[in-house]
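Protein chains: 2
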Amino acid sequence: MRDQASIDIAAAMAADGGPNTTVDQTIRRDIADAIFDQRMPPGTKLSEARLGELYDVSRTVVRKALFRLASDKLVDIRPNRGAIVSQPTVEEAREVFEARRLIEAAMLEHSVPAMTPADHKRLRDLVAADVAAHDSRDRQRMIRASGDFHRGLAALSGNTVLCGFLDQLIGRTTLIIAMYQTHASAACSHHAHDELIEVIERGDVAAAQRAMHQHLHDCEDQLELADSPTENELAKMLGARGHRKPIDTP
Amino acid sequence: MRDQASIDIAAAMAADGGPNTTVDQTIRRDIADAIFDQRMPPGTKLSEARLGELYDVSRTVVRKALFRLASDKLVDIRPNRGAIVSQPTVEEAREVFEARRLIEAAMLEHSVPAMTPADHKRLRDLVAADVAAHDSRDRQRMIRASGDFHRGLAALSGNTVLCGFLDQLIGRTTLIIAMYQTHASAACSHHAHDELIEVIERGDVAAAQRAMHQHLHDCEDQLELADSPTENELAKMLGARGHRKPIDTP
DNA sequence: GAAAGTTGAATCGTATCCAATTTGGAGCCG
DNA sequence: CGGCTCCAAATTGGATACGATTCAACTTTC
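Taken in sequence, the protein lines are chains A and B. Just remember that the working numbering sits 557 ahead of the position in the first sequence, which is counted from 1. Just remember that the working numbering sits 557 ahead of the position in the second sequence, which is counted from 1.
Keep in mind that the hints were calculated from the coordinates and are not lab data. Remember, predicted model here, so these are calculated numbers, not experimental data. In this text, a Cβ means the ideal position worked out from N, Cα and C, and glycines have one as well. Be careful, since some hints might not be right.
As the list claims (entries may be wrong) - Each computed EDC-like pair below joins lysine to aspartate or glutamate, with the alpha-carbon atoms no more than 20 Å apart:
| # | chain 1 | residue 1 | chain 2 | residue 2 |
| --- | --- | --- | --- | --- |
| 1 | B | Lys678 | B | Glu648 |
| 2 | B | Lys602 | B | Asp581 |
| 3 | B | Lys630 | B | Glu648 |
| 4 | A | Lys678 | A | Glu755 |
| 5 | B | Lys602 | B | Asp587 |
| 6 | B | Lys678 | B | Glu752 |
| 7 | A | Lys621 | A | Asp581 |
| 8 | A | Lys678 | A | Asp761 |
| 9 | A | Lys602 | A | Asp613 |
| 10 | B | Lys621 | B | Asp633 |
| 11 | B | Lys621 | A | Asp629 |
| 12 | A | Lys630 | A | Glu648 |
| 13 | A | Lys621 | B | Asp633 |
| 14 | A | Lys630 | B | Asp629 |
| 15 | B | Lys621 | A | Glu605 |
| 16 | A | Lys621 | B | Glu605 |
| 17 | A | Lys602 | A | Asp587 |
| 18 | A | Lys621 | B | Asp629 |
| 19 | B | Lys630 | A | Asp629 |
| 20 | A | Lys630 | A | Asp724 |
| 21 | A | Lys621 | A | Asp633 |
| 22 | A | Lys602 | A | Asp633 |
| 23 | A | Lys630 | A | Glu605 |
| 24 | A | Lys678 | A | Glu648 |
| 25 | A | Lys602 | A | Asp629 |
| 26 | A | Lys678 | A | Glu752 |
| 27 | A | Lys621 | B | Asp581 |
| 28 | A | Lys678 | A | Glu758 |
| 29 | A | Lys630 | A | Asp581 |
| 30 | A | Lys630 | A | Asp587 |
| 31 | A | Lys630 | B | Asp724 |
| 32 | B | Lys630 | B | Asp594 |
| 33 | B | Lys621 | A | Asp633 |
| 34 | B | Lys621 | A | Asp581 |
| 35 | B | Lys630 | A | Asp587 |
| 36 | B | Lys630 | B | Asp724 |
To be verified - Residues on chain A that point at chain B, a partial pick, calculated with CB under 7 Å:
| # | residue |
| --- | --- |
| 37 | Ala656 |
| 38 | Asp761 |
| 39 | Val762 |
When you get a sec, could you build the whole thing from the sequences and use the hints?
Following this line, the structure appears as structure tokens:
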């Protein structure tokens, strides 16, 4: 019995040492990463059974992960039709950017005046990582570093609730970029981040808000949100022109 | 075959008329309503088995509902210890109110200039319902009507993403009120809503934003967010005074 | 030859079952 | 008599099994 206890303790230690991570969290993170790194394009089917056997786990836990991802709007679960990587519409994309503008600009009002030199350094480090990623020509790194800058800036506001919202929005933005990106220019140019941090260090709230607003607008404008519709948009247009195709999610 | 088609149509009509609602949605809504109406105080245990037999359904679907509620931050699922109605901390409460101030004020900037007379009427109707609820002395109706006003105002911005965020925040606010309300004054006074709509109809964006900011501040100030700590706050304070108690969720 | 109906495979949703963890209390020892 | 250990009941977490729904290909008929 004491043996059993010690074994239990050892097992617990081992489990704690590596991850507090349950399996479903691993799956969730893996899929999210794959989406962010654009290895899983929007629309890819996510079969519960397939994922289950990939991770050698039951469908129950897979479904848990998919549910969580659905609440983060990264995957879309259609009743009786399975889960796919979300295909955000143009309107949704515009709304996400608008929401980001509102939230990120508003957060600056509180965070900019309260920043310490240490905070400024943290931001500069994040921009440096952004630049490095940009130089590496690695799109994954670029997107990730850009997101990390925005996340880090938001974290300085000290409001975890808003950070949670923004976190979701950044994830959705990545998906939107994957879907509507035009030529090579993938993420936000890091120059904008450089400019932004400069204004922030000067403590000029209004200018910082303007810069953030402009920056996000530029990101949105780099996408093809009007012409050259992607597949699902095409389907929508065709549907409106008489090819009555039953839409399941009205 | 035509018979079958007509039957299907009839069934669909019936289903749509009442619920497109699957059982788990019903459970989810019922619990949420119970929380909002303060019939379920924060901390109430939500046993899966009990709920399952109440709705004559398996635990699987109950867990689905609980999971969804957890992602809305209305219930708290502790590993191996079951689900309880969330007990928001004081910091969480402050953050929720701050988030609401930011979001709701920022939304006005877009919605106020774009409102039509019809929109104004809609808002007036909502305020009227609010007043009626207030006169009825029915706390449930008061809270609900107040929330509906904020929801309706947000809907006029046309941004469903932000509306979703605000919807979650309003739900959490209700929970916060249930936990930290002082004497009788439960929800926001409807006078504030009256004032607010007046400024909105004048089209004065800045004034409307100020009014919204002030209104939410007043709501927050009506709560006891400093003295008379509730249980979980007490536990935290004791923990800080040397009683090293291992926290499971760091 | 094309359109409608039918059949079949695959996948999802729910129920039931078994293992793991927590909790409360009984028993034992100091 | 108080505190600790250990065990049993209850509850949650995960796995498997079965029924329902959907999509696609095939057959049949006009």
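Next pair to validate is lysine 602 of chain A with aspartate 613 of chain A; report whether the Cα-Cα distance is within 20 Å. holds (19 Å)
Given the hint that lysine 630 of chain A pairs with aspartate 724 of chain A, test it: the Cα-Cα distance must not exceed 20 Å. holds (11 Å)
Would the hint linking lysine 621 of chain A and aspartate 581 of chain B be met if the CA-CA limit is 20 Å? Distance ~15 Å between lysine 621 of chain A and aspartate 581 of chain B Cα, so the pair holds.
Given the hint that lysine 678 of chain B pairs with glutamate 752 of chain B, test it: the Cα-Cα distance must not exceed 20 Å. Measuring from Cα to Cα gives roughly 15 Å; hence the hint holds.
Do the alpha carbons of lysine 678 of chain B and glutamate 648 of chain B lie within 20 Å of each other, as the hint requires? violated (37 Å)
Is the hinted pair lysine 678 of chain A and glutamate 755 of chain A satisfied, with a Cα-Cα distance of at most 20 Å? holds (12 Å)
Check whether the Cα positions of lysine 621 of chain A and aspartate 633 of chain B lie no farther apart than 20 Å. OK: lysine 621 of chain A and aspartate 633 of chain B at ~16 Å, within 20 Å.
Quickly compare the C-alpha distance for lysine 678 of chain A and aspartate 761 of chain A to 20 Å and report which way the hint goes. holds (17 Å)
Quick one, are lysine 630 of chain B and glutamate 648 of chain B close enough, alpha carbons at most 20 Å? Cα-Cα ~15 Å, so holds.
Would the hint linking lysine 630 of chain A and glutamate 648 of chain A be met if the CA-CA limit is 20 Å? Cα-Cα ~15 Å, so holds.
Need the status of pair lysine 602 of chain B, aspartate 587 of chain B: alpha-carbon distance at most 20 Å? holds (15 Å)
Sort out whether aspartate 587 of chain A lies within 20 Å of lysine 630 of chain B, counting only the CA atoms. Distance of about 24 Å is beyond 20 Å: violated.
Hints 1, 24, 35, 38 and 39 from the list above are not met by this structure, while the remaining hints are.
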